[in-house]
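Below are the chains, spelled out letter by letter.
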Amino acid sequence: MSKKQHDTPMLDQLESGPWPSFVTGLKRLAKDSEYMTDLMGQLEHSYKTRKGYWKGGTVGVFGYGGGVIPRFSEVAEMFPASKEFHTLRIQPPAGMHYNTDVLRKMCDIWEKHGSGLIAFHGQSGDIMFQGASTANVQGAFDELNELGFDLGAGPAVRTSMSCVGAARCEQSCYDEARAHRQVLNTFLDDMHRPALPYKFKFKFSGCPNDCMNSIQRADMAVIGTWRDNIRTDEALARKWFDKHGMTELVNDVVSRCPTKAIMLKESKDVCRGPKFRRWRSATRTHWKLTTAIACVVCTASTS
Amino acid sequence: MTGALGTGVDKGVTILMGGKRTLKIGDLMGTVVVPFLPMKTDEDYEALVEIGQKSIDFFAENALEHERTGEMIERIGLINFLEGIGLEIDPSMVSTPRTNPYVRTDGWDDEVAKINARKAAA
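Those sequence lines, one after another, are chains A and B. Each residue of the first sequence is one higher than the one before, counting from 1 in my numbering. Each residue of the second sequence is one higher than the one before, counting from 1 in my numbering.
Since the hints were derived computationally from the structure, they do not count as laboratory data. What you are looking at is a predicted structure, and each value in this text was computed from that prediction instead of being measured. Among the hints, a few may not be true.
As the list claims (entries may be wrong) - The calculated label-pair distances, taken between Cβ atoms and stated as ranges, are:
1) A:Val164 - B:Gly107: 37 to 45 Å
2) A:Gly139 - B:Ala47: 18 to 26 Å
3) B:Val94 - A:Arg256: 24 to 32 Å
4) A:Leu147 - B:Ala122: 26 to 34 Å
5) A:Pro9 - B:Gly77: 50 to 58 Å
6) B:Leu23 - A:Arg256: 28 to 36 Å
7) B:Glu111 - A:Leu147: 28 to 36 Å
8) B:Lys114 - A:Val164: 42 to 50 Å
9) B:Lys40 - A:Lys48: 25 to 33 Å
10) A:Asp108 - B:Ala122: 53 to 61 Å
11) A:Asn213 - B:Val94: 37 to 45 Å
12) B:Glu46 - A:Asp269: 43 to 51 Å
13) A:Pro18 - B:Leu23: 50 to 58 Å
14) B:Lys119 - A:Asp242: 25 to 33 Å
Stated by the list, open to error - What the simulated footprint calls covered on chain B by chain A, stretch by stretch (three residues with Cβ under 8 Å from a Cβ of chain A suffice, anywhere in the stretch; the number is not a length):
15) 8-15
16) 49-63
Note that CB positions come from ideal geometry on N, CA and C, so glycine has one too.
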């Protein structure tokens with residue numbers, strides 16, 4: 001069933017070193033697949049000659065004007081099995097929530113219709129199903145569609161991404177998944193029947209940490225924020241301080257705040273009421289906080 | 001400091017436009033066009049879609065072939081872009097103050113009245 005593997009010394013070299021390599025995955029697929037065997041051959045050839053041998057074309061599914069990246073090989077005589085290696089770009093769920101059942105079904109579908117190689121996710125957010133012949137693209141898409149997924153990323157409006165956000169993260173400032181789906185679903189027509197001068201990308205991050213890197217990657221970036229005061233939890237702050245200490249507090253927290261919202265003060269300089277208790281032992285002065293106060297207090301002991 | 005520092009209560013979104021990656025004129029970061037939009041009710045989410053719709057319509061009409069939104073904003077100017085989308089221009093959007101000390105003062109009183117009216121309304 002599988003043909004003899006090509007000699008790939010340069011690809012093999014990538015497998016050495018401390019980190020895992022994509023080459024190991026390719027080899028695993030290539031053991032039972034002529035398609036992947038020839039793909040590795042073409043990749044090795046490209047590494048040797050330092051040229052790419054893929055050219056584009058027009059490949060799609062019925063009714064859509066985009067969503068499939070066509071790749072036709074220019075060295076098909078040398079590597080006939082992988083002469084067409086198209087990629088389907090599928091929109092991920094908002095917040096990228098999956099269960100193992102869906103993932104297994106995707107793997108099965110792709111092994112049946114394509115190469116078995118899937119990338120989660122591309123830079124734009126799409127799940128990349130890499131490696132199908134022109135004839136198989138429609139069949140693969142139909143099965144993925146039945147699962148509930150749609151093609152993404154045509155030449156105009158692109159697939160968007162939203163962070164996990166409201167589902168799991170305490171920093172989330174709005175319902176990113178809802179905003180993502182509500183905005184993108186309104187523009188599905190512009191995605192599948194492209195009519196814009198160029199690409200347009202939306203990205204949704206739940207807080208200023210901007211895990212989706214929307215400020216740099218999106219034409220319209222929606223970043224969660226708040227306009228009143230920051231909230232603090234004294235007990236958790238002390239727990240953090242006990243674990244991380246003063247150096248990290250100063251260099252990694254206080255000095256990194258872009259708006260200088262946090263100030264470091266000695267505990268004796270912080271206003272206090274009857275909620276504080278102070279006592280001396282042989283070695284130092286102890287402070288005991290009996291109720292939460294409104295600011296993060298440096299707990300360095302003052303002697 | 002997870003949990004020790006957390007968000008405020010009056011939460012919403014900031015909208016930035018014009019980010020792009022390297023081709024042609026290099027990387028651009030998005031510029032803030034809406035500093036704050038609350039995101040609690042259905043109407044709030046619809047307002048977000050509205051802004052997206054206006055941006056895409058404006059982009060479709062005014063961008064050159066193969067030109068990103070950020071490149072278009074650099075070409076036509078942020079003021080024209082914001083007027084085209086129907087968003088308010090805020091003094092905080094000025095990236096560097098003018099270095100020329102001379103300024104025209106005709107229309108000064110009108111502009112002062114306008115800004116005071118906006119501050120009163122906010």
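A quick look at each hint next to the structure:
As the Cβ distance of Val164 of chain A to Gly107 of chain B is approximately 50 Å, the hint placing it in 37 to 45 Å is violated. In this structure, Gly139 of chain A and Ala47 of chain B break the distance hint of 18 to 26 Å, their C-beta atoms being roughly 41 Å apart. The supplied range of 24 to 32 Å is met by Val94 of chain B and Arg256 of chain A, whose beta-carbon atoms lie about 26 Å from each other. Checked against the hint of 26 to 34 Å, the pair Leu147 of chain A and Ala122 of chain B fails, with Cβ atoms roughly 48 Å apart.
For the hinted restraint 50 to 58 Å between Pro9 of chain A and Gly77 of chain B, the CB-CB distance of approximately 55 Å keeps it satisfied. Hint check: Leu23 of chain B to Arg256 of chain A, Cβ distance near 32 Å, so the stated range 28 to 36 Å holds. In this structure the hint that Glu111 of chain B and Leu147 of chain A lie 28 to 36 Å apart at CB is violated, the actual value being about 58 Å. Between Lys114 of chain B and Val164 of chain A the C-beta distance comes to about 43 Å, which sits within the given range of 42 to 50 Å.
Checking the proposed 25 to 33 Å range against Lys40 of chain B and Lys48 of chain A shows it is violated: the Cβ atoms sit about 59 Å from each other. One distance hint, 53 to 61 Å for the beta-carbon pair Asp108 of chain A and Ala122 of chain B, holds here, with the actual separation near 56 Å. Take Asn213 of chain A and Val94 of chain B: their Cβ atoms lie about 26 Å apart, and the range 37 to 45 Å is violated. About 49 Å separates the C-beta atoms of Glu46 of chain B and Asp269 of chain A, a value consistent with the hinted range of 43 to 51 Å.
In this structure the supplied range 50 to 58 Å is violated for Pro18 of chain A paired with Leu23 of chain B, their Cβ-Cβ distance being about 34 Å. In this structure the supplied range 25 to 33 Å is violated for Lys119 of chain B paired with Asp242 of chain A, their Cβ-Cβ distance being about 46 Å. Counting residues of the segment 8-15 of chain B whose beta-carbon sits less than 8 Å from any beta-carbon of chain A gives 8, enough to reach three: the coverage restraint holds. Using a Cβ-Cβ cut-off of 8 Å, 9 residues of the segment 49-63 of chain B lie near chain A, which meets the minimum of three, so the contact claim holds.
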